[in-house]
Structures are given as C-alpha cells and as structure tokens.
Amino acid sequence: MSANTENQGGAKDSLLWGLVFIILIAAVVANYLYSDLAVFIRAAGVVVAAGIAGLLAYQTQKGKSSFAFAKESRLEMRKVVWPTRQEAIQTTLIVLAVTALVGLFLFLLDGLLVWLVNLVTGV
Numbered sequence: 587m588s589a590n591t592e593n594q595g596g597a598k599d600s601l602l603w604g605l606v607f608i609i610l611i612a613a614v615v616a617n618y619l620y621s622d623l624a625v626f627i628r629a630a631g632v633v634v635a636a637g638i639a640g641l642l643a644y645q646t647q648k649g650k651s652s653f654a655f656a657k658e659s660r661l662e663m664r665k666v667v668w669p670t671r672q673e674a675i676q677t678t679l680i681v682l683a684v685t686a687l688v689g690l691f692l693f694l695l696d697g698l699l700v701w702l703v704n705l706v707t708g709v
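Numbering (the numbering used here), first residue to last: 587 to 709.
It cannot be assumed that every hint is accurate.
[Stated by the list, open to error] Using 30 Å as the maximum straight-line C-alpha spacing, the simulated DSBU-like pairs for lysine-lysine come out as follows:
{"#": "1", "residue 1": "650", "residue 2": "665"}
{"#": "2", "residue 1": "648", "residue 2": "665"}
{"#": "3", "residue 1": "665", "residue 2": "598"}
{"#": "4", "residue 1": "598", "residue 2": "650"}
[Claimed, not checked] Label pairs and their computed distance ranges (CB to CB):
{"#": "5", "residue 1": "598", "residue 2": "657", "range": "22 to 30 Å"}
{"#": "6", "residue 1": "670", "residue 2": "620", "range": "42 to 50 Å"}
{"#": "7", "residue 1": "708", "residue 2": "686", "range": "28 to 36 Å"}
{"#": "8", "residue 1": "637", "residue 2": "600", "range": "49 to 57 Å"}
{"#": "9", "residue 1": "629", "residue 2": "601", "range": "45 to 53 Å"}
{"#": "10", "residue 1": "695", "residue 2": "632", "range": "50 to 58 Å"}
{"#": "11", "residue 1": "648", "residue 2": "617", "range": "21 to 29 Å"}
Source of the hints: derived by calculation from the structure; they are not laboratory data.
Beta carbons: idealized from backbone N, C-alpha and C, even for Gly.
Whenever a hint applies, use it, and build me the whole structure from the sequences.
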C-alpha cells in the first residue's frame with residue numbers, strides 16, 4: 587500500500603520539482619538580463635519567485651517532510667542549554683592552549699626526527 591501511494595505522488599512530485607527548478611533558473615536569468623533595473627526591483631522579483639518556488643516545493647512529499655523536519659529542529663533548538671559568555675570564553679581559551687601545546691609538541695618531534703635522520707644518513 588505504501589509503494590502504491592509513492593507511485594501516485596511520484597509523477598506529480600516530479601512535475602512540481604521541475605517547475606520549482608524552472609522558476610528558480612528563470613529568476614536568476616531575469617536578474618541577470620534586467621541588470622539595468624534598480625536593485626530593489628530585481629531583489630523583489632527574486633524573492634517573489636523564490637516564494638512561489640517554495641510554495642510549489644511544499645506541495646511535494648519531500649517538501650512537506652522537510653518542513654516538518656524544520657519545525658521539529660526549531661523545537662529541539664529551544665531545548666538546548668546554551669553556554670554563558672564566560673563558559674564560551676573559558677572553553678575557547680582551553681582549546682587555544684591545547685592547540686598551542688600540541689603544535690609545540692609536533693614542532694619538537696619534527697625537529698628530533700630531522701636530527702635523527704641527519705644522524706643516520708650523515709647529511
């Protein structure tokens with residue numbers, strides 16, 4: 587039953603996605619061709635075209651699932667406990683210090699290995 591439902595929406599979805607891409611390409615081409623118009627007018631045209639393309643994309647199965655995913659992601663973002671400014675600064679300083687120490691260690695290790703290779707090869 588699920589496969590039958592997918593087959594029914596497949597042709598419609600393909601047609602709608604084709605229209606979405608045609609509208610977006612037309613918006614880019616029109617923006618390029620009408621470069622002598624004011625930027626505000628061209629930007630408004632692109633925004634309107636993108637809105638129409640978005641509405642058409644929402645009519646597809648993938649569009650609806652993407653919109654539902656975005657809504658769920660927004661809800662999850664509200665649950666996140668963000669670090670305070672002090673915590674962010676401390677974490678950044680720790681990362682910088684560890685990076686400097688590892689860099690220094692690798693620099694010394696490289697120098698040691700170069701010295702050993704020179705010692706063995708006699709160069």
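Outcome of the hint check:
no.	hint	result
1	650 - 665	holds, 23 Å
2	648 - 665	holds, 26 Å
3	665 - 598	violated, 37 Å
4	598 - 650	holds, 14 Å
5	598 - 657: 22 to 30 Å	holds, 23 Å
6	670 - 620: 42 to 50 Å	holds, 49 Å
7	708 - 686: 28 to 36 Å	holds, 35 Å
8	637 - 600: 49 to 57 Å	violated, 22 Å
9	629 - 601: 45 to 53 Å	violated, 29 Å
10	695 - 632: 50 to 58 Å	holds, 54 Å
11	648 - 617: 21 to 29 Å	holds, 26 Å
In this structure, the hints that do not hold are numbers 3, 8 and 9, in rising order.
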